[in-house]
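Engineer: Listed here are the chains, written in short residue letters.
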Amino acid sequence: MTERYDVLVVGAGPAGLAAAQAAASHGARVGLLDAQARHGGQVWRHDVRRGAPRAARKALDALARRRVEWLPQHQIVAAGRRTLLAETPQTAVRLVFGALVLATGARELLLPFPGWTLPGVTGAGGLQALAKQGWPVAGKRVAVAGSGPLLLAAAATLRRHGAHVLGIHEQAPATAVSAFARQLWRWPARVAQAAALRATLAGVPYRFGSFVRAAHGIDALEGIDIEDAHGSRRIACDMLAVGYGLVPNVELAALLGCATDDAGTHPRVQVDRMLRTSVANIYAAGELCGVGGLAAARIEGAIAGHVAAGAIAAATDLLPARERERRFARLLARHFALDARLRALADGDTVVCRCEDVALAALDGFDDARAAKLATRCGMGACQGRVCGSALAELGRFPRGGFRPPLFPARLASLAAADLSLPDSSIPDLST
Amino acid sequence: MNGYDLIVVGAGIVGASCADEAAAAGLRVAIVEPGPIGGGATACAMGHLVAMDDDPAELALARHSLHRWEEFADLAEAEFSRCGTLWVARNEAEAAGIAQRVARLEASGGEAHAVDAQALYRLEPALAPGLCGGMLVPREAVVYPPRMALHLVRRARQRGAVLYAGRAARRLGRAAVTLDDGTVLAGPTLVATGCALPELLPQLPLRPRKGHLLITDRYPGLLHHQVLELGYADSAHGHAGSSVAFNVQPRPTGQILIGSSREFDVADPSVSAPMLQRMLQRAFDFMPALRGLRAIRAWTGFRPATPDGRPYLGAVPGRADLWVAAGHEGLGVTTALGSAQLMLDLLLGRTPAIDPAPYAPARALA
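Protein chains in written order, with my numbering: chain G, 1 to 432; chain X, 433 to 798.
Okay, chain G solo, but in the shape it has when bound (with noise of 0.2 Å):
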């Protein structure tokens, strides 16, 4: 099955919907692609309990309007000049475009330490996700610790779900977080925003220069050595949702052959004011051009979504309120900085790639990530390295590369249903 579009979106976060939505504006026929059942990306992910945000309800709501193809469940694998394989529950579709807006988002960074294989430790976003999704979290003790804002929006999702939040732990010491603090009054609706957090975790303490050392428990978590300037002490826990933030998802255009810029610790997608990458016809928006929030990324999927319909006139008006959040991600980005004792937490029988079971010792005297994949299989399993591969870089091994088909696992039946590589001159080129 092929299906047509002017602009094709892939992903439904706050990126993806503003761009649908701006594409569509300008009369685009315009399909919006997501691995979820659901709108919303990672940060709007629809609750059991409370359903959608506000926000994303409204995005919606402005997306019901306009003529665009919602296209759920939706699992990228492929990807050939003009044309994308995704994989649905049923079946494989080809789905061909005139441009394309990538907004793939971001995924949590994780870093090993010893016991960070557990049954009970996540990621901190993995919790919020899970307990949004119904996973019983009530009358759980359960510790939240890693980095950023992303801290207080789990830890009060955990505690609206009836978890007992026992304290956040944020690495970052108190004086960048209230260097950070005293900049905000910039960005009046961020400090609304970490007001009414606060509110709803009033009573949980908020402990800075603090982490998570190790957990401990024999067949299941049972308690964390926390570590801040007073020493390392060990509290008893269920559960703990650890996080150090965001790694921007460019595997997707990393193969659509998109530059990416790497002189950070994580690839992040090239792209220009405009938001075009390197390859004509495909744009980016949001977490995936650098981790900048969700204001960025909603902004960023408009600007993104109008030039991709040939409407740069009103891509144009946004870049300055683009600029203002980018500026805001960047205060983020430097207050919260990773402490460098996290990337020592790992020992040698720590276990780094997860799929395959490779400990960090097995891959030391290797300085090159495919020598150490070939000698230990580290990175070779179904996350194909996602986890391991951003750790690795994190510790200062090798980054990952190197990104081929399937994009994710597949079906074999849907690799083998669509021919890619036909070039497809059918479709107008809307943006030039």
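Check each hint, because a few of them may be wrong.
Simulated DEER-style distance windows between Cβ atoms [stated by the list, open to error]: (1) G:D364 with X:D717: 42 to 50 Å; (2) G:R50 with X:G598: 55 to 63 Å; (3) G:I235 with X:A508: 33 to 41 Å; (4) X:L507 with G:P119: 28 to 36 Å; (5) X:D717 with G:I235: 56 to 64 Å.
One side of the interface only, derived from the structure: several residues of chain G facing chain X at Cβ under 7 Å [claimed, not checked]: (6) A236; (7) A346; (8) A371; (9) L374; (10) A382; (11) L407.
Just so you know, the hints here were simulated from the structure itself, not pulled from any lab data.
Note that the structure is a prediction, hence the values are computed from the model and not measured.
C-beta: ideal position from N, C-alpha, C; glycine also.
Starting from the known structure of chain G, fit chain X onto it as the hints suggest.
Structural biologist: The following block gives chain X in isolation, referenced to the frame of chain G:
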């Protein structure tokens, strides 16, 4: 000047085997490898240890090598798994050839049995209905080639071999090799650079032959043997521009490795969707249950193919102290150990265990 008894250029499975064999014989060995150990065709290979019976010379080399592989049957790094090889016949015509193939394999010292259709489905219940029996070669096995190459290089180094890692050989002189950093190594030289052979020895014709492989998630119990179609040799040894054949392997993890494709005159290493599609359709014809399995990775590699399909093993004609072991196409892992032994027999003037004539590089210049 750094002097050695043997400079091995290239540390794929063939170069690593030669270096190991030479170090074991007491030679002072240098190994030159610009990339990861076993990072070329070795890294992309299936690691199936298999005797192909259609060329007597190739069969002799394979038989000798398979015997040598038994040394590593209990080595953890080899990930040696004796799954056996099951060749399946699509029709009566293919089934009719089985008796002769069994006879040839047994005459070479191997073990093989014809199996009827009923036995075939007992051995592999997931095979498509309507197949006409096949041939079981029970002692054959699979290994994990890149770790094996690494093991052989480590063992050679323990015996004194010196590894020039990250260095490429730029020029072959008279009993000398100049590296890309200007270092000159002196000594007899053995070139085992696989597909890169023409860079150093352009007089020996060799073409890269691209292949695709794909590995699934873990499905323990679905597949028990390495299973190939009897028509595989037509794809492997034919000269068609492109071909596919059914060839699946159970990894010890429960993953299934699926091949195979062959293409000449393609330089692009990227995974080709049409080729992958052809290869998978072929696999589904023989094993429909594969359709619903999840693939986690696909990759490609290039096999070093000589015009007659046999490797170059021996002295480079007209060049003193220059040797070559390359061009094993799809059988480099199977035949690496035997190739290394033959090379050392020739280098040291020992009586070779098998007749070296069919592999003599001089045949390419005749």
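Engineer: Indicate, hint by hint, whether the structure satisfies it.
Structural biologist: Structure-based check of all given hints:
At about 46 Å, the beta-carbon gap between D364 of chain G and D717 of chain X stays in the expected band of 42 to 50 Å. Evaluation of the 55 to 63 Å hint for R50 of chain G and G598 of chain X yields a pass: the beta carbon distance comes to about 56 Å. Distance hint check: the CB atoms of I235 of chain G and A508 of chain X are about 40 Å apart, consistent with the given range 33 to 41 Å. Between L507 of chain X and P119 of chain G the CB atoms are about 34 Å apart, so this pair conforms to the stated range of 28 to 36 Å.
Range check, D717 of chain X to I235 of chain G: about 59 Å between beta-carbon atoms, so the 56 to 64 Å window is met. Because the closest C-beta pair between A236 of chain G and chain X is about 35 Å apart, greater than 7 Å, the hint is violated. A cut of 7 Å between beta carbons decides the hint on A346 of chain G: the least distance to chain X is about 23 Å, and the hint is violated. The beta carbon of A371 of chain G is positioned within 7 Å of a beta carbon in chain X (closest approach about 3 Å), and the interface hint is therefore held.
The beta carbon of L374 of chain G comes within 4 Å of a beta carbon in chain X, closer than 7 Å, and the hint placing it at the interface holds. Because the closest C-beta pair between A382 of chain G and chain X is about 5 Å apart, less than 7 Å, the hint holds. Here the hint on L407 of chain G is broken, as its CB sits about 11 Å from the closest CB of chain X, past 7 Å.
Hint compliance for this structure: hints 6, 7, 11 are broken, all remaining hints hold.
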